[in-house]
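> Residue numbers (UniProt numbering), protein chains in the order written: chain A, 1 to 223; chain B, 1 to 236; chain C, 1 to 256.
Some hints here could point you the wrong way.
To be verified - Some chain C residues near chain A, calculated using beta-carbon distances under 7 Å:
#1 F103
#2 T107
#3 H118
Think of the hints as simulated: they come from the structure by calculation, not from any bench.
Note that CB positions come from ideal geometry on N, CA and C, so glycine has one too.
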Amino acid sequence: MIKINALIEVFPQLARGLGITVSVLIAAAIFSYIMAFAAGLCRLSKNVFIRKATSVYVEIFRGTSLIVQLFWLYYAIPMLFGIQLGSNWWTGVIAIGLNYGAYMSEVVRGSILSVAKGQTEAAIALNMSPFQRMRLVIFPQALRMMLPEFSNYTIQMLKATSLVSLIGMTDILYYGDIIRSANLSQAPIVYVLVLIFYFLLALPLIFLQRKAEEISKKGVASQ
Amino acid sequence: MKWNWEIFFDAFPFVLQGLGITVGLTVTCYLFALLLGFFWTFLRRVPSRPFHWFVTWAMEFIRSTPPLVQLFFIYYAWPMIPGVGVTLSPFASAVLGLGIHFSTYIGEIYRSGIESVDKGQWEAATALNFSTYQKWRKIILPQAVPPVIPMLGNYFIIMFKEVPLASTVGAAGILYMANTYGARNWAYLEPLTIVGIIFLLLSYPSAIFIKKLERKMNTRFDKNTILENSQKGAVL
Amino acid sequence: MLKPIVEYKDVHKSFGEVEVLKGINLDIYPGEKIAVIGPSGSGKTTIIRMLMTLEEPTSGDIYVDGKNLWKMEKNGEMVRANEKHLREIRSDIGMVFQHFNLFPHMTILENCMTAPIHVKKEDKEEVRERSIHMLERVGLGDKLNNYPSQLSGGQKQRVAMARALVMRPKIMLFDEVTSALDPELVGEVLEVIRDLAKHEDMAMVLVTHEMDFALDIADKVLFLDKGIIAEQGTAREVIEQSDNARLQEFLRRFRK
């Protein structure tokens, strides 16, 4: 039943999309982490305007679908501003990065807020400046708390990269769709292989997440 | 090309035609996921190590691969499998695809609810000689369910935001309508903006509602800890 | 005559509607060991938390070395102190907390070293030596590279004391430092405090429920009741000569 020939035929074709999937994931992840920290810290700012402006960004990107945001950026930005975002690759990276950056900014904010109050008090008693309190005491602990959520969102981002095939990026799914439209009877083997590809990419992230959960359990004062 | 209000108002009723499908799909997918979630929770409680291992990794597989690919598998590939293949409508494919994908998350939520019930409750129920059914019905579920209601509510909103994926297989929700309008008139900006606005208008208030619910549940179920904390604050 | 290092002048503090301190007047002299006793809810902890700048007085002034702690002069007017002003004065004060508040992501040696290095910009090697010396003094010389989670409550509290001492404060505040400890661990912490009281010339203010210990080591005892200092004097004066009925009842209940 399982046609070895088909497998041998399909596998290398799908593998051609690996580069795009991985590069979009890495770039989007880096971009989203940066957005998460920037927005998360802005939401803790004393300045009301910065706080409000950031929460507008966060709520808009959390309140709508990634796929809608992707299409919107894909079609609308060139129309609205007459500029191209470099390429579809960038459109994908920016859409995923902004979307998950908004979600993860909540993680950053929440973790910083959940470091126990006593930690700040001890830092004050040692006469640390507000910046030193953040850098030496609060942030290192908050970072440990963020790790599991961050790795979880990174897995979500891996899944989200499959959307870039819809704007013409030649990722794994894109090549899968090409083979399927050429020969519908190969669809089962194609999509099973695509799923396996994504799962293999997710595996290291899954283990990373488990590791992150262990780390975060240690070395944090919360309560 | 610039923003055009005429197109905006022209596209609005057109896009809105898809709202019924989007909402209907959200509700159906969600209910299906709620139902299937029980199935996972039940499977994970089967006391066989290899089976438990298998179920855990099956869930992990479904959860960490893209729902879009799963949807394509159900829509395009399943009919091609000899013997078991069935052709499904876009709507049914989406219900199955998104339902299965999110049921793995829902199953985890059920599990966390059950595990949050103190072990002593089981022992007390046993000591009072409740039957297994009575234990679940009277003791465990009444304590396990309420705390996870807000989390389940969150997944309703998440589902709502994932449903537009179904437009890729032709389910005519608002995103599908917007794309159709865009292709016909070569004007994507306004209809897509309308889709964004509709999502925001529906999901933001729901998110606030869930947050309130969460706070309410917390005060109900952690009354003791909250009381303790407030007293801690007061003692000088 | 010796000048006080800390002066409280008619200090009031309210939390919302509740006024917990209703006019505190208090002088602390260099090197003086003061014990603050009284029923819970009487505002004991608040007194030292205001000096540590963790709570701001509702009204009244606190002076440290003659400088107003919570107010500063700006354009000829007294305004609310800013962080810079607070930091300047705060360098004279150290505190040990009821719940230790050790930094869980640092080893105990790092806990001691971080503030002198980053706050006082002192030489790292010198700080390390001093920290090790201090940790040895509190009996934890063999735990330098352990993390707080690996220590018992009593050990944690001894680290917290070493951490505060390495900063060389002129005034040390102890906020119910034995209240969160298991009974069998209280002794080792009190021993360290007794050692400090005997050999260090800094001022110490202890908020405590360990009545016998407080009366034993303190130069001056304050009995706080209902937001005011109801009685003060040497331990002997407070125990034997006071006719304050509530104090006598309190002592009966808490002395062993």
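> Determine for every hint whether it applies to the structure shown.
Here is how each hint holds up against the structure:
1. F103: holds, 6 Å
2. T107: violated, 11 Å
3. H118: With a closest approach of 6 Å, the H118 of chain C hint holds.
Hint compliance for this structure: hint 2 alone is broken.
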